[in-house]
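**Q** Residue numbers (our numbering), protein chains in the order written: chain A, 1 to 296; chain B, 1001 to 1296.
Simulated from the structure, these hints should not be mistaken for laboratory data.
Heads up, a few of these hints could be off.
Unchecked claim - Looking from chain A toward chain B, a few residues come up when the C-beta cut is under 10 Å (computed): (1) H39; (2) W46; (3) G87; (4) A124; (5) L165; (6) N170; (7) S185; (8) H189; (9) G193; (10) T247; (11) D249; (12) S250.
Where a beta carbon is used, it is the ideal one built from N, C-alpha and C, also for glycine.
These are the residues of each chain, in order.
Protein chains: 2
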Amino acid sequence: MSESLPTAYPSGVHPPSFGVRLAEAMAQFGPLCAGIDPHPGLVQAWGLSYDLRGLERFALTCVEAFGGRVAAVKPQSAFFEVFGSAGVAILERTVGALRAAGTLVILDVKRGDIGTTMDAYAEAFLGKDAVDPPDAITVSPYLGYGSLRPAIDLAHATGRGIFVLALTSNPEGPAVQHARLGGVSVAGHVVAGATADNAAAAAAGELGSVGLVVGATVGDAVAELGLDLPGVNGAFLAPGVGAQGGTVDSLRRVFGTALPRVLASSSREVLQAGPDVRSLARQVEAVAAELRCLQE
Amino acid sequence: MSESLPTAYPSGVHPPSFGVRLAEAMAQFGPLCAGIDPHPGLVQAWGLSYDLRGLERFALTCVEAFGGRVAAVKPQSAFFEVFGSAGVAILERTVGALRAAGTLVILDVKRGDIGTTMDAYAEAFLGKDAVDPPDAITVSPYLGYGSLRPAIDLAHATGRGIFVLALTSNPEGPAVQHARLGGVSVAGHVVAGATADNAAAAAAGELGSVGLVVGATVGDAVAELGLDLPGVNGAFLAPGVGAQGGTVDSLRRVFGTALPRVLASSSREVLQAGPDVRSLARQVEAVAAELRCLQE
Chain A
1 MSESLPTAYP SGVHPPSFGV RLAEAMAQFG PLCAGIDPHP GLVQAWGLSY DLRGLERFAL
61 TCVEAFGGRV AAVKPQSAFF EVFGSAGVAI LERTVGALRA AGTLVILDVK RGDIGTTMDA
121 YAEAFLGKDA VDPPDAITVS PYLGYGSLRP AIDLAHATGR GIFVLALTSN PEGPAVQHAR
181 LGGVSVAGHV VAGATADNAA AAAAGELGSV GLVVGATVGD AVAELGLDLP GVNGAFLAPG
241 VGAQGGTVDS LRRVFGTALP RVLASSSREV LQAGPDVRSL ARQVEAVAAE LRCLQE
Chain B
1001 MSESLPTAYP SGVHPPSFGV RLAEAMAQFG PLCAGIDPHP GLVQAWGLSY DLRGLERFAL
1061 TCVEAFGGRV AAVKPQSAFF EVFGSAGVAI LERTVGALRA AGTLVILDVK RGDIGTTMDA
1121 YAEAFLGKDA VDPPDAITVS PYLGYGSLRP AIDLAHATGR GIFVLALTSN PEGPAVQHAR
1181 LGGVSVAGHV VAGATADNAA AAAAGELGSV GLVVGATVGD AVAELGLDLP GVNGAFLAPG
1241 VGAQGGTVDS LRRVFGTALP RVLASSSREV LQAGPDVRSL ARQVEAVAAE LRCLQE
């Protein structure tokens, strides 16, 4: 089902796509992506010291609780990068351990650049020689959707995926995302790009590997901007579910008939059940079960 | 002049701002920011293996050649991240060595997020406890200029700076950056934000610490979008000078009377003089001298 991507394939054999693997994992475990967000307050609330040792303990506790129990796990890179390269090393071990447990990993890094620099980011996280690569990453399209081409192409080649920032629920987002050029909003430009890149998968009857990040609480913005989310044929990573105010009702309002493709991301609501592994595991299963109704 | 920022200040004593330090460095060395872009082709062209050992050798050669000879150096994080945490450790040593040499470091990471995640990125690169922090970083405003507030505020508090992506010269950029909301372009929204955040520095007659990334070859876009660059009172990091087609004439066309605040970024044109340290040093001084005319 949500088996880890093998590191090598025989010549001529293509790995299953990220979209296919994600669809299988969501069918098996429900549409929850559990976040690993070791921010200072949370680490300390777990009775851990806010240092490398506490960070590692936090992350590996999450691995133990989430591995094999949820469709996907989303570590937030920033909370590891704050400890420098030693923190990044812990992130690598976290990603590797999750994938060894057969759980899909969406690494939240929001990278975005152009040319050879974008090539390097793509290789860093999606390449065949990447160090402990995740199954997918988040990317940021301020330099235009087309600037992400190296990541899109490499993800397709290696059976990995990307989630492109499209429409977010923070109050500062609309100043960029709602702006229009030739009648098309910036978010619409991203939607159009993902739709085109997922067209071959759509024709094959499979979920595409280019997903979008769309906030769980953006309200009527999808309708106001005229975004055709069902047409994207990719998954929608929807942050903000749970403690940040996103509910099944708000998701229904935002996504409409695209609801079955929503992968709801929840961090605080899940993580507040820690540090006990069994409590965390029960919580992640309970939240995933609650969200099953999105798939009906 | 471009002295390294001390790691600690006595209580009540504020460090000199990044804007002030950058203005001094540009006056002393000319308006060149030398890139450290160890991409595979370049590392191999220097006769080095494309691995951690070659990466470190490349980066430390640049440190030796550029340190104390140029206003600022811009390592590109992606080319280090491609080697995972071990590559990031080399980046940390590179940044530390450049600052020990008294040279300003602008780390090109293009991070951007919201809330506690943006807090973490800010702490990672601009915080007082950051591991080998640079003097400034690049950031990406797809989530809105206002989402960058934690980085802006922390940079002001620690005497560091940021360069916000505004208007880039890649062909995919205009689809986002030229889009308009309420008559204001996305690039204009970023310009307005930086102008406001640099207002206090402007009132004090100092260069502000919130700079913008504006491509050296965006042509008439600044005029078409009605951007008031001279009003920003921050530095303009202008990538694309040299091998990528940017010339003094193209800079003049883009920046007009803001030209004295342009920090022209050049990577390939400088790096092609390697791997010999003396050749690299001569090249960086020659390119900086050529660009002196921007300041007249």
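**Q** Evaluate each hint against the coordinates.
**A** Here is how each hint holds up against the structure:
Interface restraint check for H39 (chain A): the shortest CB-CB distance to chain B comes to about 5 Å, inside 10 Å, so the restraint holds. For W46 (chain A), the suggested interface contact is broken, since its CB lies about 15 Å from the closest CB of chain B, more than 10 Å. Contact between G87 (chain A) and chain B, as hinted, is supported at the beta carbon level, the nearest pair being about 8 Å apart and thus within 10 Å. Given hint, A124 (chain A) at the interface with chain B, holds; its Cβ is 4 Å from that chain's nearest Cβ, closer than 10 Å.
Using the Cβ-Cβ criterion of 10 Å, the hint placing L165 (chain A) at the interface with chain B is satisfied: the shortest such distance is roughly 5 Å. Restraint check, N170 (chain A) versus chain B: the minimum CB separation of about 4 Å is within 10 Å; hint holds. Proximity of S185 (chain A) to chain B holds as hinted, the smallest CB-CB distance being about 7 Å (cut-off 10 Å). Taking 10 Å as the C-beta cut-off, the interface hint given for H189 (chain A) holds, the closest approach to chain B being about 5 Å.
Hint status for G193 (chain A): holds, given a least beta-carbon distance of 9 Å to chain B, under 10 Å. The beta carbon of T247 (chain A) comes no nearer than 19 Å to any beta carbon in chain B, farther than 10 Å, and the hint placing it at the interface is violated. Annotation: interface hint on D249 (chain A) violated; nearest CB of chain B at approximately 23 Å, more than 10 Å. Evaluation of the S250 (chain A) hint against chain B yields a violated restraint, the C-beta minimum of about 18 Å exceeding 10 Å.
Going through the hint list in order, the structure does not satisfy hints 2, 10, 11, 12.
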